[in-house]
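Given two chains presented individually in distinct reference frames, assemble the corresponding complex, making use of the accompanying hints.
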Amino acid sequence: MKRILKDLITGNSSYALPAAGVAALAALSLLNGKDTPYSFIPSGSIADNVCGILLYTVLAYCAAALIGKLILQNKYKRSFFASRACKLAAGIAFCLSVLILFATVTDRGILGFIWLVRYCSGLDSNPQEFGPSMIYMTLNGREMILTGMWTTIRIALFGTAIAFILSIFMVFLRILEPGKRDNDFVKALKWLASSLTKFYIFVIRGTPMMVQTLIFYYLGFDLFKKSGMTVTEINNVWSFFISGLFTVSLNSTAYITEVLRGGIISIDKGQAEAARSLGMTHWQAMSRVVFPQAVKNSIPSIGNEFIINIKDSSVLSVIGVMDLMYATKSVSGIYYRSLEIYCVAALIYLVLTWLSSLLLQYVGRRLDVPVKGITSSN
Amino acid sequence: MEETVLTIEGLYKSFGDLEVLKGIDLQISKGEVVCIIGASGSGKSTLLRCINLLEEADGGRILFHGQDLMDTSVDIDSLRQSIGMVFQSFNLFNNKNVIDNCTMAPVVVKKIPREEAEAAAVRNLKAVGLEDFMYADPNTLSGGQKQRVAIARALCMEPEIMLFDEPTSALDPEIVGEVLDVMKKLAEEGMTMVVVTHEMAFAKEVSNRVVFMDDGVILEQGSPEKIFGNPENARTREFLARYLED
Numbered sequence: 152m153k154r155i156l157k158d159l160i161t162g163n164s165s166y167a168l169p170a171a172g173v174a175a176l177a178a179l180s181l182l183n184g185k186d187t188p189y190s191f192i193p194s195g196s197i198a199d200n201v202c203g204i205l206l207y208t209v210l211a212y213c214a215a216a217l218i219g220k221l222i223l224q225n226k227y228k229r230s231f232f233a234s235r236a237c238k239l240a241a242g243i244a245f246c247l248s249v250l251i252l253f254a255t256v257t258d259r260g261i262l263g264f265i266w267l268v269r270y271c272s273g274l275d276s277n278p279q280e281f282g283p284s285m286i287y288m289t290l291n292g293r294e295m296i297l298t299g300m301w302t303t304i305r306i307a308l309f310g311t312a313i314a315f316i317l318s319i320f321m322v323f324l325r326i327l328e329p330g331k332r333d334n335d336f337v338k339a340l341k342w343l344a345s346s347l348t349k350f351y352i353f354v355i356r357g358t359p360m361m362v363q364t365l366i367f368y369y370l371g372f373d374l375f376k377k378s379g380m381t382v383t384e385i386n387n388v389w390s391f392f393i394s395g396l397f398t399v400s401l402n403s404t405a406y407i408t409e410v411l412r413g414g415i416i417s418i419d420k421g422q423a424e425a426a427r428s429l430g431m432t433h434w435q436a437m438s439r440v441v442f443p444q445a446v447k448n449s450i451p452s453i454g455n456e457f458i459i460n461i462k463d464s465s466v467l468s469v470i471g472v473m474d475l476m477y478a479t480k481s482v483s484g485i486y487y488r489s490l491e492i493y494c495v496a497a498l499i500y501l502v503l504t505w506l507s508s509l510l511l512q513y514v515g516r517r518l519d520v521p522v523k524g525i526t527s528s529n
Numbered sequence: 110m111e112e113t114v115l116t117i118e119g120l121y122k123s124f125g126d127l128e129v130l131k132g133i134d135l136q137i138s139k140g141e142v143v144c145i146i147g148a149s150g151s152g153k154s155t156l157l158r159c160i161n162l163l164e165e166a167d168g169g170r171i172l173f174h175g176q177d178l179m180d181t182s183v184d185i186d187s188l189r190q191s192i193g194m195v196f197q198s199f200n201l202f203n204n205k206n207v208i209d210n211c212t213m214a215p216v217v218v219k220k221i222p223r224e225e226a227e228a229a230a231v232r233n234l235k236a237v238g239l240e241d242f243m244y245a246d247p248n249t250l251s252g253g254q255k256q257r258v259a260i261a262r263a264l265c266m267e268p269e270i271m272l273f274d275e276p277t278s279a280l281d282p283e284i285v286g287e288v289l290d291v292m293k294k295l296a297e298e299g300m301t302m303v304v305v306t307h308e309m310a311f312a313k314e315v316s317n318r319v320v321f322m323d324d325g326v327i328l329e330q331g332s333p334e335k336i337f338g339n340p341e342n343a344r345t346r347e348f349l350a351r352y353l354e355d
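In order, the protein sequence lines correspond to chains A and B.
In terms of my numbering, the first sequence opens at residue 152 and continues consecutively.
In terms of my numbering, the second sequence opens at residue 110 and continues consecutively.
Source of the hints: derived by calculation from the structure; they are not laboratory data.
Distance ranges between label pairs, derived from CB positions:
| # | chain 1 | residue 1 | chain 2 | residue 2 | range |
| --- | --- | --- | --- | --- | --- |
| 1 | A | S390 | B | T181 | 48 to 54 Å |
| 2 | A | K338 | B | D281 | 44 to 50 Å |
| 3 | A | T358 | B | D126 | 39 to 45 Å |
| 4 | A | G330 | B | D126 | 19 to 25 Å |
| 5 | A | V514 | B | G125 | 42 to 48 Å |
| 6 | A | G330 | B | G125 | 17 to 23 Å |
| 7 | A | K226 | B | D281 | 54 to 60 Å |
| 8 | A | Y227 | B | A279 | 56 to 62 Å |
| 9 | A | G421 | B | T181 | 23 to 29 Å |
| 10 | A | R517 | B | E224 | 27 to 33 Å |
| 11 | A | D419 | B | T181 | 26 to 32 Å |
| 12 | A | L239 | B | D281 | 57 to 63 Å |
From the structure, some residues in chain B lie toward chain A, with a derived Cβ separation under 7 Å:
| # | residue |
| --- | --- |
| 13 | N161 |
| 14 | L163 |
| 15 | E165 |
| 16 | T181 |
| 17 | R189 |
| 18 | Q190 |
| 19 | F196 |
| 20 | S198 |
| 21 | N200 |
| 22 | N203 |
| 23 | N204 |
| 24 | V218 |
| 25 | M266 |
Here the structure is a predicted model, which is why all the values come from computation and not from measurement.
Positions of the beta carbon are idealized from the N, C-alpha and C atoms, including for glycine.
Isolated chain B (complex conformation) (with noise of 0.2 Å):
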């Protein structure tokens, strides 16, 4: 395998007296595609948040490139540059338009002229298929148009590595295609990416590794080929039994 981008090990998480990660071990590496599956409320949002710690966890450690993002000295408005992340509801900033969207970071963060923003920009809206919609406001456009303005805004921030939290559920699923397609485009070009998903034929085709979930631990992982064809742990074989039911 290449070089481990990020470590996960022992992470805790509880809100309140509702314990939701109990003790993550978890190791990315370099360009792996790796789906979380698992039932709502087994800890998988919360997980990815806690990666770029929009969730600060309790306990454990989070390396990335062998630093402890859970370090409080550690700049993590920096680091955050480093790993994009897609949100379920897209979150496209209301107030400005779509380009602007994309190019705001880069240029507030990464101080890159407007200009080569605005050209990143176009590259990474091209590459999800919405030239034509540079200008438009984000409120006009549908779901699935949402989320691949989303996916290229966090794409022209250039990150080493993308956090997907259920990135077609808000969606209607004749649009799903739409998203799952820029995605596995993106897994091709080999980005790193860890996708929190209900897409289970997206979790078979696309990922290298597909890692279960439940009530707060890591069950199983293993190729897509293992966990779907043959997985071990009887809730895993449950879990995906009303999946393939459906």
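Isolated chain A, as found in the complex (with noise of 0.2 Å):
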């Protein structure tokens, strides 16, 4: 890294030119943006007239070598361009645009955006631009979006772990299977149990979990309604916010069985074996040897459930649980204005499930296990 540096700044490398080039004509075009009252290089200046100047040498120079390269060809290595003066001179182009870019990204971009986020919080109404208008609204509505966020947050965390700790009993009951040994009520009652939990990860993985919250928030209601309680008291105990978890724990469970199961399923047999001859039982074999192993394989493929849950928590908006996918919602429906806001929507998931890829990546290395990118949804 550092040598890769130090043959751009000298110009020994190749790439100083066009990376001059690049880097010029992003500066420039940042330049020619609007300026406010925060810059410190406003439009028309001395500073900016200097810096277009400099760019557009550089730029210029830029293009000589260009044309140069294209038609000298093989011959441009030991043409006039390849000559010490003209790499000293690529390497100034390089420290130039790159100086001068680093001051128009601080001036009109993050200062315009400081400028930008003071001017839409005094604005009185929804400005017309698209920028503005993104800005204005999450300003406005922020209360609302945090909320929305932290509940997508914890719904995800809450539920992915809570679903990791229900799939722990779900995988030993769909691994159960009738033994030789086993007298027959034993094989019967694993078999049921195997079957059961088979059927539940079919239909949990076989139907939307729109519908699935929808069903269960609804059935609880049902539930709970026939014990008597009122609206309000059922509206304390089974809230969308509970309910939502419930659906989301439900779904994940399934879906993190299957991964533990795949699990186990790709330890070696002789780990099981070497374990029992020993003399341990099936079941000291699996939760000492086969089952850790198995589970540290699938912490990835467990994080990515949770990615998925971060993002497909988004359709528990449709029983109201204020999630930041409902506070999007509820914050465009205030303004009259869609687009702008979920975008801004989308950022934040992005950015939420970009820190939690991240996240994994690092507990992957650490554990020494491979870490899978963002895997498809639920």
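Take a look at the structure:
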């Protein structure tokens, strides 16, 4: 990394000029953008003009070198452009354009954004422009959006954790196999437990989570109603949040059970055989040898389930769980603008999943298990 | 001969339509070292795996000190404690270090206090020359080291009989010796051993009896001198000739 930077600065690298050109182009486009009261290089100032002239010079030089390369082809390396003076010039061009790029990013980018946020927070009505409107609605709806974000995070986190615990039990039922040495009663029980979990996984994985959300919510509501509770009481116990968390947990249980089952299957049979040959029972061999390895190998997939839950918990908004999706819908309803605020929601979801996958990759590296990228949704 | 430890009578086993064992009769006495030789697919490993019920035989009897292992009322888990097994692919527990590999079963199964189990593990690891690797991750060991740990792990349960399922087949020729040396020492100490192997020199030198298996039956058995020096069966001669060529 250090070496690459050094070669770029001294102009030794053949990428110095292209990099300088790209940086100069980016800086120019920023510089030509609208300035704000916070700008330290306001449009039309001497600094602005000097930067502009320098950038155009760099661009012109880059263009000349590019044309030279196109014409000279293989002779380029022995031409005037490969002389020491030209290398020095390339290095200077690179440093100059990168420095100006930094300045313009700070000025038009960061300071510009801060100014825009300050400006939007002082507005009385939703501005017509796309960007300012995004900022205006986010600022004014921030309480709702933050509450929604927090709910989304809680549901994804607790939902995945509960599902993980439930699926540990469920996978043990799922992999039960009637053995030759079992008596008929045990055989029947094992078959029943395994079949029931198989059926559960089949149903959960084969139906949309939105339908599950509605069914679980109304089912819970009806059951509580039959027990003689009033609607107010039911709403306290069977709130949208609890019902939503219930749905996410039960949904993820099915998926994580299959993940764990895959983990168990992927452990070499010899591990269990060695344990059994030492006199361990089936249960001891599973719980002390096979299962710890299976869980460890499954951690990336379970983390992926968490990321999926961040995204898929958005369907809970159909019953009115105040998650990020519902909050966004509400903000959009208040200001009669949709595209802008849904873009904000997308950005927030993206940041949440991106941070989670970074965390997951870190954990994966520490545990020495391979981590895949974000997988498709449930 | 001394007391009989293991008696196998008319053992049958098939995988689907494939008949692997077609009526095996075999007796193992205390302190005996029996090598089972034969071509791949002759049923040697299956026979060994049937002895401690990693495979369930379809018919016949396996008597361990007179108790029929095939009887479903027998507590096979407690009987397996007395039957040590060493696998071709080592099968060390990947989630445990070397000493925990050795102490897990004694602590979990026999309920021996951890300190005692560790002392026994250290003793057995010393016996196989691996006392310096007690806290190593099994995955960092060489094949020969892994197999020696596996032997130490089996010994920690203080078995009466040890089954070796091609213990050196997965090893480089150069490190086969270190494992065979450990097994030789074990034999000299009087351990009852059943060894499925392709190491004819080992069979010749260490075993009391060599059993030649072919196509699911025992074709011939006897002292190593007899089997290697003057085999009666044509198939045995053919098999050994191919090995002695190498």
